[in-house]
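K.L.:
The residues making up each chain are set out below.
Number of protein chains: 2
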Amino acid sequence: MSDNIKRMIDLAYGRELPELVLKNCRIVNVFSHEIIEGDIAIDSGKIVGIGQYKGEKEIDLNWKYVAPGLIDGHVHIESSMVTPNEFARVIVPRGTTTIIADPHEIANVCGLEGLKFMMNSGMELPLNIFFMLPSCVPATSFENSGAILDADKLRELICDERILGLGELMDYPSVILGDEDTLEKVKIVKGKLIDGHGPNISGKDLNAYVIAGVRTEHECSTIEEMINRLRLGMYILIREGSAARNLETLIRGVTKENLRRCLFCTDDKHPEDILTLGHIDNNVRLSIKMGLDPISAIKMATINAAECYKLKEIGAIAPGYVADIIVIDDLEKFNVVQVFKNGVLVAKNNVPLFKVKAVDVSKVTDTVRTKEVRKEDLKIELKGDIANVIRLLPHSLVTEKVIRKVETEKGYFKHHKNLDILKIAVIERHKATGNIGLGLVENFKLTNGAIASTIAHDSHNLIVIGDNDEDMLLAIKEVVRVGGGITICSKGEVLKTLPLPIAGIMSNKSMEEVNVTLKEMLDLAYNKLGVNNDIDPFMTLSFLALPVIPEIKVTDMGLFDVSKFQFIKICDVE
Amino acid sequence: MSDNIKRMIDLAYGRELPELVLKNCRIVNVFSHEIIEGDIAIDSGKIVGIGQYKGEKEIDLNWKYVAPGLIDGHVHIESSMVTPNEFARVIVPRGTTTIIADPHEIANVCGLEGLKFMMNSGMELPLNIFFMLPSCVPATSFENSGAILDADKLRELICDERILGLGELMDYPSVILGDEDTLEKVKIVKGKLIDGHGPNISGKDLNAYVIAGVRTEHECSTIEEMINRLRLGMYILIREGSAARNLETLIRGVTKENLRRCLFCTDDKHPEDILTLGHIDNNVRLSIKMGLDPISAIKMATINAAECYKLKEIGAIAPGYVADIIVIDDLEKFNVVQVFKNGVLVAKNNVPLFKVKAVDVSKVTDTVRTKEVRKEDLKIELKGDIANVIRLLPHSLVTEKVIRKVETEKGYFKHHKNLDILKIAVIERHKATGNIGLGLVENFKLTNGAIASTIAHDSHNLIVIGDNDEDMLLAIKEVVRVGGGITICSKGEVLKTLPLPIAGIMSNKSMEEVNVTLKEMLDLAYNKLGVNNDIDPFMTLSFLALPVIPEIKVTDMGLFDVSKFQFIKICDVE
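Sequence lines, in order, name chains A and B. Just so you know, the first sequence maps onto residues 1 to 574 in our numbering. Just so you know, the second sequence maps onto residues 575 to 1148 in our numbering.
Please note that a few of the clues may not be correct.
Claimed, not checked - Only pairs whose alpha carbons sit at most 25 Å apart, straight line, appear in this in silico SDA-like list of lysine to any residue: (1) A:Lys355 to A:Lys6; (2) B:Lys886 to B:Asp753; (3) B:Lys764 to A:Lys256; (4) A:Lys310 to B:Lys863; (5) A:Lys256 to B:Lys863; (6) A:Lys6 to B:Asp753.
Claimed, not checked - Pair ranges (Cβ atoms, derived): (7) B:Glu822 to A:Asn120: 26 to 34 Å; (8) B:Glu735 to A:Glu16: 53 to 61 Å; (9) A:Trp63 to B:Thr850: 30 to 38 Å.
As the list claims (entries may be wrong) - Facing chain A, according to a computed beta carbon distance under 7 Å, are these residues of chain B, among others: (10) Ile801; (11) Ala817; (12) Ala818; (13) Gln1140.
Read the hints as simulated data drawn from the structure, not as lab findings. No residue lacks a Cβ here, since even glycine has one placed at the ideal position from N, Cα and C.
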């Protein structure tokens, strides 16, 4: 250590030659808020000097702009449907060198083994992956997940230095009410960070949430929510993901004076969006497009995130900082053309120059365990021909509870080809309990087929929708067969399947391959099955089992009225 | 702990009544950079909520401005010549509730016992005192101090949570050259902070200084120095003390974009300046006067300092933060009218409402140990009548080396009443070694007397100046008799003495009493002894033994040429 400092001093002073010097840079200085011209001397993965340097190896950057590597403050890697390795292969060339991952999804399927898989996967990548411990596994008591992570379980991992604290405390009623197990989780991360997830909270509720230790929020959708949280000392993560895009609204609330408390995240971002729009580089570009000056946007993507998450020696280009450096063609367009991680060139012109290792997936595969589903399990008994129906709203995760007159046969629901009311089922798939929750859905639209998926937030049970029981049963069988995934069936045939063998939510293929398959399947859904063009069938399905988003959802335990916070019967209409 | 969080949540939510509510405040919000109207709910010393609250006790602040307690980022309490207790009694009513103290002065006299005394003194005060471990004891190898604090000694204290790191690394050549003991000190504070003290360093030297871990600088005197350091990731402490006042210059370099990396300090501030100008409140006022907006100035004095020194839950008014709150009459004038520490009113209208306890001083008194000084010890042997003389410059700590023709008697220097050349002696006073360094001084001016002091940076040996040996011997005897202090003697009589029994550098009296005595003594110096009005005799004496400030100084080891970095003889003129 002492020897190392000595050598670092010798290098900075110029008594020894550093391994690498990036010559002739225009350096984005996040401290002085300037563009500085000079060389960057690098050795042992760290920046050792800024100024005029000679190195053993020199790369002339010819006065291109360089900035610190970008940081995603909050991301569920699982939403990209690929492994951490593959995720890194795609996002690193786009300039992201550090992410704070919340492995909430895999934890709901595989518990601690899921967390360990994610942590092991991230070990040898040219990407710093820090983790927040998922705080809500299961997410609610209204569904059965694959695992329960109580405070005692979380305690096992808390000392790992890559664990920065407790992930999004979505269950804010429990926090505000002082629920014992929730507070026990808060207690074990003392000294580390707690991420929030509390849209709509305000006033005394918000004060209570903050005093419990919650220090960040990524769910703001209005400037008012953002300012209210800034005032109480929370950091604001401005999110630009797939399902939720808040940047264009919130960036207007960022001022020179509150900028330091604002950073970026993607939260959930799907393959198509990452591949076409980018990752955190997209947040930066969009902010600049919205009028923020480029240096401020870069600060949000670098030093601000590092300060928020107390990441040492990350987020700036200065002596002692890790040499995570991106080269940009132009400050306004912000295209990342080269990426250095720990001083090594790892990507050029959007092409990764590193190989990712295969990771042992044995403990996170074969996770789909169901009791065989029979036709009679899908029967919906009604009292008359009036039923509670989940109505989908266009481009929204929020649903509406409506009452509809439906077709029946011998007291059971029967699909009528002229009525847009489909059957949906959520099948417990972790412990083969045979639990099945049933419901009816309007506005999905689908003819002669079924779609099934094992991505269903947050417990990731098996969800299936269809207009006939035969295709629904086939679709169930198909996703069970491949160990989890998404499938489209029609007229007794499997049209296409995306296998997601890792926890039933992630592929072992490349993001490009996953994307191609998904696009084909989307095409089939829209053009062959006639799914409503105003919804994304897979994303919609994945949120229909999430009992914390209003107004009516279905879990493996039944139809759930979110506004009343209780289960209801399909036939019990008021 | 869990119970405590539970209670805090109940209080924030409003299910229980907090102990105290400050009603109707205009709150300076350092996060959102706004003035917020509302109540502040306080319990168990912490802020539990901001908004509309009822409390067991309520204080109506009638829409006065409130801000977080102020923070001094770098201060030598010893320079106030009073104990930490007494220092707190004076500065807390002026709004300072947290200081980062560098007990460098007492450490040079008493070593670890000195540090422990300061740390014990600070225990029960309404003032957070954090400490930096003095890194340079002794300050140089050209003087004898009372103690040597090597890395092993410092290791004893490093784990105390009030120790934030390593104090100003003044010996920057040792850092840049990679001196082993210096790097060992750097090594033991790994993970904590290192304060810099490196004026004039730039380029590769500065890179080397920073990569060694130095993260702050309080010695900038130009905007260029400041910007160069900001660029490399250093925090800038803008100093407004007694000997050094940099605020009016440096505040012009503070922008909205680099503000977050700038904070305030006083470094060394004497009783008269603290009592008349104030403490960090003065830095805030002066900044506002110079054109900085008040909220920015308050951020520098609060949250910025807290961020720099990684002080948790300090520096803001928000749930979870310590209830260190000041009430201000007017945002521009910035007069502190009330101070709450941990939610308790501790000062009102500049009057402290707390008592300070007497502290055990037994291990830091009786520190003046000299071998008896005889007349012949003060004799300066010359080769001819030409001598090297220390020439004082008006209002400056810098001296000039000049060659003068002097009066002699039997080969020894003799004072001539028409020549302004005085004898000066630095007497080792820690281990009674009998070491005496002698010199000649021009431009101090003094007739028929002598002044002696045991404040002599950084080793605090006994320094005495005079125009006759009898008064010099008397002055030496007097400061030895009182166990350290400052004295003025004339014509065989002690005119006035300020005893400084604590380490020979601090009084056990109140700051006001010390100040009255000092003023009387200044009056005697100027009006009775005829000291040059362009110098402060006591401050000048205290810096004449500091061998790191150019150009020529005198230590107990002899006359020291700072530019050559070596001792020279008085008679060896070139």
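K.L.:
With reference to the structure, classify each hint as holding or not holding.
P.N.:
Against the structure, the hints come out as follows:
A C-alpha spacing of about 33 Å is found between Lys355 of chain A and Lys6 of chain A, which places the hinted pair above 25 Å, so the restraint is violated. Taking the CA atoms of Lys886 of chain B and Asp753 of chain B, the gap is about 33 Å. The hint is violated against a cut of 25 Å. Between Lys764 of chain B and Lys256 of chain A the alpha-carbon distance is near 33 Å, which puts this suggested pair outside the 25 Å criterion. Our distance criterion of 25 Å between C-alpha atoms is broken by Lys310 of chain A and Lys863 of chain B, whose separation comes to about 35 Å.
About 22 Å separates the Cα atoms of Lys256 of chain A and Lys863 of chain B, which keeps this hinted pair within 25 Å; it holds. Taking the CA atoms of Lys6 of chain A and Asp753 of chain B, the gap is near 8 Å; set against the 25 Å cutoff, the hint holds. At about 57 Å, the beta-carbon gap between Glu822 of chain B and Asn120 of chain A misses the expected band of 26 to 34 Å. Distance hint check: the CB atoms of Glu735 of chain B and Glu16 of chain A are about 37 Å apart, inconsistent with the given range 53 to 61 Å.
As the Cβ distance of Trp63 of chain A to Thr850 of chain B is approximately 53 Å, the hint placing it in 30 to 38 Å is violated. Checking Ile801 of chain B against chain A: minimum C-beta separation of about 6 Å stays under 7 Å; hint holds. A least Cβ separation of about 28 Å between Ala817 of chain B and chain A goes past the 7 Å threshold, and the interface hint is therefore violated. Here the hint on Ala818 of chain B is broken, as its CB sits about 23 Å from the closest CB of chain A, past 7 Å.
With a cut of 7 Å, the hint placing Gln1140 of chain B at the interface with chain A is violated, because the nearest CB-to-CB distance is about 24 Å.
Hint compliance for this structure: hints 1, 2, 3, 4, 7, 8, 9, 11, 12, 13 are not met, and every other hint is.
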